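**Student:** Chains A and B supply the protein sequences, listed in that same order.
Just so you know, we're using this note's numbering here: the first sequence kicks off at 1 and counts up by one.
Just so you know, we're using this note's numbering here: the second sequence kicks off at 1001 and counts up by one.
One or more hints might be untrue.
Some chain B residues well away from chain A (every beta-carbon gap over 10 Å; in silico) [unchecked claim]:
id : residue
1  : Q1055
2  : R1059
3  : E1062
4  : K1303
5  : L1348
6  : R1381
7  : D1396
To be clear about the criterion: a stretch of chain A counts as covered by chain B if any three or more of its residues have a C-beta under 8 Å from a C-beta of chain B, and this derived list gives those stretches [unchecked claim]:
id : segment
8  : 50-64
9  : 98-111
Hint data in this document are derived by calculation from the structure and do not stem from the laboratory.
None of the values given here were measured: they were computed from a predicted structure.
Think of the CB as a built atom: it goes at the ideal place given N, C-alpha and C, for glycine as much as any other residue.
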Amino acid sequence: MRRSLVLAAVGASLMTSGCVQTRQYADLQFAPPQGDYKLLVLRPDVQVGSVTTGGLVEPRADWTEQARANVIAALRAQQGGRGGETLIMERRDSLAGVPPEQVAEIERLNAAVSQSIALHKYSGATLPTKRRRGLEYTLGEDAVRFGQRTGYDYALFLHAEDSFASTGRVALQVLGIAGCAIGFCAPNIGGAGQFAYASLVDLKTGEVVWFNVLQAGSQIAGIKMGDIRSPAGSAQMVDRLLGRMKAGREVRRAQAAQRRSQ
Amino acid sequence: MNAELSRRALLAGGGAAAAVLAAGPVGARIPPSSLQPLIGPGYRPTDADELGMWQQMQRVEEEVAGSNLLVKDEGLNRYLQGLIGKVGGPAARDMRIYLARIPDFNAVMFPTGFSVIFTGLLLRMRDEAQLAGVIAHESSHFLLKHQIRQWRDTKRRTDVLSFATMLGGMAGGAAGIYTGDLAQLAQLGTILTLLRYNRQLEAEADALGIKLIAGTGYDPLSMSETWGQLIGEVELSARVRRKRPDRGYSIFSTHPAPRERMIDLRQSAAELKVPGRSYDRGRERYLQAIGGIRPTLFDDQVKLNDAGATRYIVETLAKDGWNGQLRFTEGESLRLQNADALQDRAALSYAAAVAYPDAPADAWRWHGIFLMKAGRRDEGRAALQRYLALAPSAPDAPFVRQMLVS
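Could you put the whole structure together from the sequences, leaning on the hints where they help?
**Tutor:** Now the structure itself:
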């Protein structure tokens, strides 16, 4: 439910035809983690479905399993290249010494905050008090305590979904394009695509320091901009989502000033 | 709620007349004998669409099972699990039941065989037979594979609609006619048939559910009583608020009209009852099982600030005899309406409540306060002393003690 709200809100704001889009926000003082840090990735939430002729997304268990395994592998490879120590939790109880209820609580808290971020940063309901102030959200003391208990510096939450047009949907699209010749044109019925978001929480302060939303798809059923069911497609999605983590505005300004003075 | 709004918005488009035509008459009663469970014990899906649905539901169940809304009373949870094990038909051993603290008259079944019961339901049920009826209805959704059947039906209809719209548009395009409006009407028709299918499923679940409870020896009449209670509550709630009852059975309603269901269920009960057999109501067992949380159930209901509904519930439960808890709840609801005219009646309810041995401590407290207000100080002090004796560590106990000293 929460997830679908986030999806709807963000989907509406990023609606464009046939492209890959990301939009990230960062805390003003955010510097992407480098070097010796410990990152905990909470249970990546992956869902893959098939788009029926009528435009409904039907979840597919086999594709989802495939994609989840590939996304986890891609995350591991990507984080390995950054120098930090990363643990990817595949289940809520895969963190020794931390009861699954506590993991569930932090997940739910993050879901609620993410929903708020989606609403106020991505779907146009901007808050005047938060304008031009980067990402100003926090999971509060609970996240700090969670960090102390687990010994991790950052927590990364990730949700990814992908869908593929069924044969019927593609046939319908073909009809729609063919119709253009006789005056009834429906060249972009759409209905399949990739959607993912990630949020990075600093477990020392509890703050959500970085948030990114990725949307990749086309308005033409049958044309895809990625496929997280395959290892290459998962790596591409993880790279699009997490590969270009930008520092916060104040950090970037300071860096620019430093460069000018050199 | 949202769904209802958007449905209303659809209607506003002027499709009302067309809608009535498209919906047609509501189907006739389904005889319970015509239904058999579609699944046996240990059912596991094999089709791709159902596998996908089950996988998705795994996470949903994990969320539900870990929710802090769940009531943790172990005995009560065991009791509910036992009940679904009794009336759950062939899948009785596979189903799970969760009790959520939500003061609404509702229960839901998920496609993988787990059910969520709302505490508001437990408040309203007069005995085990009534509760068993609701649980059997929910179990029947699982036994008849309703969710996947509904999904397949939705899929089929939206598929057909998409092609029809596209082809219609092309035909119109070729002939130079704009078909946008027609396409919209067709869409409305599709939604209506979807909902009718839904009503059909509800009626099926009623029919199989009543068969299940009659088979296990519960009075099958209990299911129609439950609907009678729902109708009565909705009507009184509306009347007290001076509103028209939201009957919830317009052409867009997903469930059949409560009154129709009640009548159908009564007829089915008559069909199923074997003359000479004695049927169980299980009132004592039921009250014992919910005893631990019952004060909370009443308290949650009172705090909804729905005086009509509260009155209806209290009076319905009082058909089995008044007691201190019921009178106290009646008093609370009256007092909290904060109308001068009702305060005397509230005082009477508290006075009646304390005459029963099961009166909650708070009944003595309010009885005492109302007596003091009426100038009957000695009696008031006695009542407050009784309150302190019953609840010596109540948050307001020091304050009450101070009152008694001065």
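**Student:** State for each hint whether it applies.
**Tutor:** Status of each hint after checking the structure:
With 10 Å as the threshold on Cβ separation, the claim that Q1055/B sits away from chain A is violated: the shortest Cβ distance comes to roughly 4 Å. Here R1059/B does not stay apart from chain A, with its beta-carbon only about 8 Å from theirs, under the 10 Å limit. Separation of E1062/B from chain A is inadequate, the least Cβ-Cβ distance of about 8 Å not exceeding the 10 Å criterion. K1303/B, annotated as away from the interface, keeps every beta carbon of chain A farther than 10 Å; the closest lies near 24 Å.
Residue-level check passed: L1348/B sits 45 Å from the nearest beta carbon of chain A, beyond 10 Å. Every beta carbon of chain A lies more than 10 Å from that of R1381/B, the smallest distance being close to 46 Å; the non-interface claim holds. The claim that D1396/B lies off the interface holds: its Cβ sits roughly 31 Å from the closest Cβ of chain A, which is beyond the 10 Å cut-off. With 11 residues having a beta carbon nearer than 8 Å to a beta carbon of chain B, the segment 50-64 of chain A meets the requirement of three or more and the stated coverage holds.
Coverage of the segment 98-111 of chain A by chain B holds. Counting CB-CB distances below 8 Å, 3 residues qualify, and the rule asks for three or more.
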